[in-house]
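Trainee: Using numbering that gives the first Met the number 0, read the sequence shown as starting at 0 and increasing by one per residue.
Derived by calculation from the structure, the hints in this document are not laboratory data. Glycine is no exception: its CB is placed at the ideal position from the N, C-alpha and C atoms. Please note that the accuracy of each hint is not assured.
[What the hints assert, rightly or not] Across the chosen pairs, the derived CB separations fall in these ranges:
hint, residue 1, residue 2, range
1, PRO10, GLY39, 16 to 26 Å
2, ASP64, GLY17, 11 to 21 Å
3, ASP40, SER14, 13 to 23 Å
4, LEU8, THR51, 27 to 37 Å
5, GLU53, THR25, 12 to 22 Å
6, GLU50, LEU8, 13 to 23 Å
7, THR25, VAL55, 28 to 38 Å
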Amino acid sequence: MDQRTESKLLPQPRSLIGTWRRFGVTGPVYEIVGVGQIVGDDCLMRVRLVETGEEVDYRFTDILDDPREQ
């Protein structure tokens, strides 16, 4: 699969803003609140931890591995 086809299969980082995910199967829930800087072939996303309200940067590719939260 070439890079152009592969990139069409991944969601755009901006499309994830406002969605909720969980760190792993049993980890804390977070909300995706913004897009940050590009880091190599990846980008950082700004996420807010629901339990504490803290905002941190988290890699886009790691977000894609986390389960969605309802």
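Trainee: All hints, please: hold or fail.
Mentor: Now the hints, each set against the structure:
1. Our hint of 16 to 26 Å for PRO10 and GLY39 holds, since their Cβ atoms are close to 19 Å apart.
2. A C-beta distance of roughly 19 Å is found between ASP64 and GLY17, which places it inside the suggested range of 11 to 21 Å.
3. The hinted window of 13 to 23 Å between ASP40 and SER14 holds, with their beta carbons roughly 18 Å apart.
4. At roughly 33 Å, the beta-carbon separation of LEU8 and THR51 lies within the given 27 to 37 Å, and the hint holds.
5. For GLU53 and THR25, the Cβ-Cβ distance of about 19 Å falls inside the hinted range of 12 to 22 Å, so the restraint holds.
6. A beta carbon spacing of about 32 Å between GLU50 and LEU8 contradicts the range 13 to 23 Å that was offered as a hint.
7. Judged by the Cβ atoms, the range 28 to 38 Å given for THR25 and VAL55 is violated: they are separated by roughly 19 Å.
Taken one by one, the earlier hints fail for this structure at numbers 6, 7, listed in ascending order.
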